[in-house]
Amino acid sequence: MKEEQKLPEEQQKNKGFSRRSFLKGLTGTAAGIGLSQIFNPALVSALEKGLENHPVLWIQGQGCSGCSVSLLNSVEPTIKKVLLDIISLQYHPTVMASEGETALENMYRVAEKYKGKFSLVVEGAIPLAANGKYCICGELNHKEITMLEMTKELGEKAGSVLAVGTCAAFGGIPAAKGNLTEATGVMDVFKKYGIKTPVVNVPGCPSHPDWIVGTIAHLLTKGLPELDGNGCPLLFFGENIHENCPYLDYFDEDIYSKTFTDKKGCRMELGCKGPDTYADCFSRKWNGGLNWCVENAVCIGCVNPGFPDSSSPFYESA
Amino acid sequence: MAGCKPEAVPVGVTGKKIKVSIDPVTRIEGHLKAEVEVKGGKVVDAKLYGGMFRGFENILTGRDPRDAVQITQRICGVCPTAHATASSMALDDAFGVTLTTNGRIARNLILGANFLQSHILHFYHLAALDYVNGPEIAPFIPRYKRNDVRLDKATNDVGVAQYLEALEIRKICHEMVALLGGRMPHVQGIVVGGTTEIPTREKLNAFAQRFKTVRKFVEEKYLPLIYLLAGPYGDLLKTGVGHKNCLAFGVFPMDEAGNTLLKSGAYTDGKYTPFDPDKIKEYVKYSFFKDSTTGLNPKEGKTIPDPEKASGYSFIKASRFNDKPHEVGPLARMWVTNPEISTTGQKALGVKKFREIGDAAFSILGRHIARAEETLLVANAIEQWLNEAQPGKETFVPAAIPKTAEGLGITEAPRGALLHYIDIKDSVISNYQITSATIWNANPRDDMGVRGPMEEALIGVPVPDPENPVNVGRLIRSFDP
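Chains A and B are the protein sequences, given in the same order.
The first sequence begins at 1 in the working numbering and counts up by one.
The second sequence begins at 1 in the working numbering and counts up by one.
No lab work stands behind these hints, which were simulated from the structure alone.
Honestly, I wouldn't trust all of these hints.
The list that follows gives simulated cross-link-like pairs (lysine-lysine, DSS-like), each with its CA atoms no further than 30 Å apart [said to hold, decoys possible]:
| no. | chain 1 | residue 1 | chain 2 | residue 2 |
| --- | --- | --- | --- | --- |
| 1 | A | Lys177 | B | Lys299 |
| 2 | A | Lys143 | B | Lys16 |
| 3 | B | Lys263 | A | Lys80 |
| 4 | B | Lys203 | A | Lys264 |
| 5 | A | Lys117 | B | Lys279 |
| 6 | A | Lys258 | B | Lys216 |
| 7 | B | Lys244 | A | Lys80 |
| 8 | B | Lys352 | A | Lys133 |
| 9 | B | Lys203 | A | Lys133 |
| 10 | A | Lys157 | A | Lys81 |
| 11 | B | Lys47 | A | Lys81 |
| 12 | B | Lys353 | B | Lys324 |
| 13 | A | Lys264 | B | Lys353 |
| 14 | A | Lys80 | B | Lys221 |
| 15 | B | Lys393 | A | Lys258 |
| 16 | B | Lys17 | A | Lys143 |
| 17 | B | Lys324 | A | Lys143 |
| 18 | A | Lys177 | B | Lys17 |
| 19 | A | Lys177 | B | Lys309 |
| 20 | B | Lys145 | A | Lys143 |
| 21 | B | Lys238 | B | Lys353 |
| 22 | B | Lys263 | B | Lys145 |
| 23 | A | Lys81 | B | Lys145 |
| 24 | B | Lys19 | A | Lys81 |
| 25 | A | Lys113 | A | Lys143 |
| 26 | A | Lys258 | A | Lys222 |
| 27 | B | Lys221 | A | Lys177 |
| 28 | B | Lys353 | A | Lys81 |
| 29 | A | Lys157 | B | Lys145 |
| 30 | B | Lys279 | B | Lys145 |
| 31 | B | Lys238 | A | Lys263 |
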């Protein structure tokens, strides 16, 4: 067992995994949807260079780990490739071997060493009430570290920030009406504390693995992707679900599903929020393209800044 | 580099008490700090600090009751299907709906597929790095300097290969969930009245085909590896006993009468009693909630946080059954149900039924054995449900929102017993209470000063090297908090 903690560039020597295999997968992927749109062969060498040794610190606030679990469902590249070949995941509470101060000291060391270069991924909301005490992320030198403190400190040092999932992007479920913790998203925190590091929102409850991996790849190779007014990449969140829905013909003919299991109709009367929602679920689908919310039931608009309140009640038409 | 900073130097680990804290405890779902006192190389006292509060109960108040199924899934991204099931059962109860046979089976298939996913994820991707060294890159390093991994290189390589293979296998489990549930995590498919998608022959075939791969992995890789660990880590079958009280709510209805695959029941101080939800109370003396809300049954439950409370050290309430702490999860379910174990297990342990494992079941490794055995048990049931599922037969029964009603949903998440309670007034939620598995297992002391199940199970756990308190994490993760 190697005891020393290696920095990412030192680790490369021992790995013996090829980045090229990942790139091949990434550029030739998924039936012409999404990821392949980002890349062309001319970018491959730049991508290869960009991805090399890239440290990622992934922190979790008020969340459910669902976005992390969703990322594990990445099909192309597989999560194995993501972990072994693409990023150097230096901190992730659900995945990393280390715990306690070993983990925190490594995290702060990487943040200092790669200041202005590493990517910070935030999953979960950040509670502001009670001095941030509603979410404690660890303890260093006998002092509690709140999610708010961690987000501020690492946010200032990061090269870029990905707010993954609707909680980190906009506050999401923890910020819903009735909450007592003043939960909010990364951009709000940065605004409040004057932190200038660029933030890309990759919402969804959970976020789609392709949206997460695709956004990271874009950041590293081509810089910030083109964003919509909510800070989300247009690449994934530019198209309206209803207008692109495979059941749009039913809508045009005024044929509506009356119960969930009646699939021969538009789902609008069941409460589908497709018309208010911009995301490419209609073509990308989920879990390897096997199914998606509207095929199964209805869209509840989980990528929207106002989710869940803007979609609630979920099963009443807007 | 130390994993934690003991407050005193561990001189020969005699006499002197040393306080060791681990924060964050990683490879779990959520935020947890462990603080133990070590004397003579063993844990003599333990406190677990639940460090996060979102307040789902507060957020649910005033909403359309049907929204609860979607919102409560977001409690846990590893086991959303369990919350969807508990919430839908509470609504079925409140709305007065009886499921169709196909609806019951479709729900079982969705929840069952995620049981497989969750157990495999837990062992390989959360727990295994306590026993196996990963590759020499992040996130597998850094790790404890002396991390007590005892496998030879060949066995360790097998472990790493299975870790990586299991990433693929658990993804396949999620595909099974998504085929009937829409997407995973956070399914659309489970709703009050049943499920939203009638299984077609094609979908059932796609499910069955994936299931075959998963089952093979469970039988040929997961179970054998668990029993193989019992060799080098045999001492971990003798530590982590806890209160030795078990509670199971029962899960997977096998017929319309509600008989379940895994049984409900309690095992308290060596005696078996039926489970009765009215005997649950939640204490908050040491939790960050208003003292006035202590000792309530979930049906009367209140969620009023008090984050600055002086006596508080956790955002987890101390749930008690018959005023006693009980552990929940695979060990509790397997102990209460007492099924025949796998042939691999029978050979390794020389016993036929689960309870014959005896005291060794109440241990760090015993909990992993229970989880692996349960994975196979659920897999066998999935095979049966696949045969029983009727392509094209209705899975959904429509029902109107009642003006006034209450409902109780009692089931099991992969990590343990789960209760949802809903009270509806003026057709909206007036109170919603959730008592989940981690609330049972990772809770703090109750008002009587009695430790929670995981706190108690930490007592006696060997920590010969306080700078590398490996067994503390092993014990905590054996519960899958």
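We went through each hint and held it up to the structure:
1. Lys177/A with Lys299/B: Judged against 30 Å, a Cα distance of about 23 Å means the pair holds.
2. Lys143/A with Lys16/B: Measuring from Cα to Cα gives roughly 24 Å; hence the hint holds.
3. Lys263/B with Lys80/A: Measuring from Cα to Cα gives roughly 37 Å; hence the hint is violated.
4. Lys203/B with Lys264/A: Holds: Lys203/B and Lys264/A sit about 18 Å apart, inside 30 Å.
5. Lys117/A with Lys279/B: violated, 55 Å
6. Lys258/A with Lys216/B: violated, 41 Å
7. Lys244/B with Lys80/A: violated, 39 Å
8. Lys352/B with Lys133/A: Answer violated: Lys352/B to Lys133/A is near 49 Å, above 30 Å.
9. Lys203/B with Lys133/A: violated, 46 Å
10. Lys157/A with Lys81/A: Cα-Cα ~27 Å, so holds.
11. Lys47/B with Lys81/A: With Cα atoms ~38 Å apart, Lys47/B and Lys81/A exceed 30 Å; violated.
12. Lys353/B with Lys324/B: With Cα atoms ~27 Å apart, Lys353/B and Lys324/B stay inside 30 Å; holds.
13. Lys264/A with Lys353/B: violated, 50 Å
14. Lys80/A with Lys221/B: holds, 18 Å
15. Lys393/B with Lys258/A: holds, 17 Å
16. Lys17/B with Lys143/A: holds, 21 Å
17. Lys324/B with Lys143/A: violated, 33 Å
18. Lys177/A with Lys17/B: violated, 47 Å
19. Lys177/A with Lys309/B: The hint holds at about 25 Å.
20. Lys145/B with Lys143/A: Holds. Lys145/B to Lys143/A sits at ~23 Å (cutoff 30 Å).
21. Lys238/B with Lys353/B: holds, 19 Å
22. Lys263/B with Lys145/B: Not satisfied, since the Cα-Cα distance of roughly 43 Å exceeds 30 Å.
23. Lys81/A with Lys145/B: holds, 27 Å
24. Lys19/B with Lys81/A: violated, 40 Å
25. Lys113/A with Lys143/A: Cα-Cα ~23 Å, so holds.
26. Lys258/A with Lys222/A: Status violated; Cα separation ~46 Å.
27. Lys221/B with Lys177/A: violated, 46 Å
28. Lys353/B with Lys81/A: At roughly 41 Å apart (the allowed maximum being 30 Å), Lys81/A and Lys353/B break the hint.
29. Lys157/A with Lys145/B: OK: Lys157/A and Lys145/B at ~28 Å, within 30 Å.
30. Lys279/B with Lys145/B: violated, 46 Å
31. Lys238/B with Lys263/A: This hinted pair is violated, its Cα atoms lying about 55 Å apart.
Violated hints, in rising order: 3, 5, 6, 7, 8, 9, 11, 13, 17, 18, 22, 24, 26, 27, 28, 30 and 31; the structure is consistent with all others.
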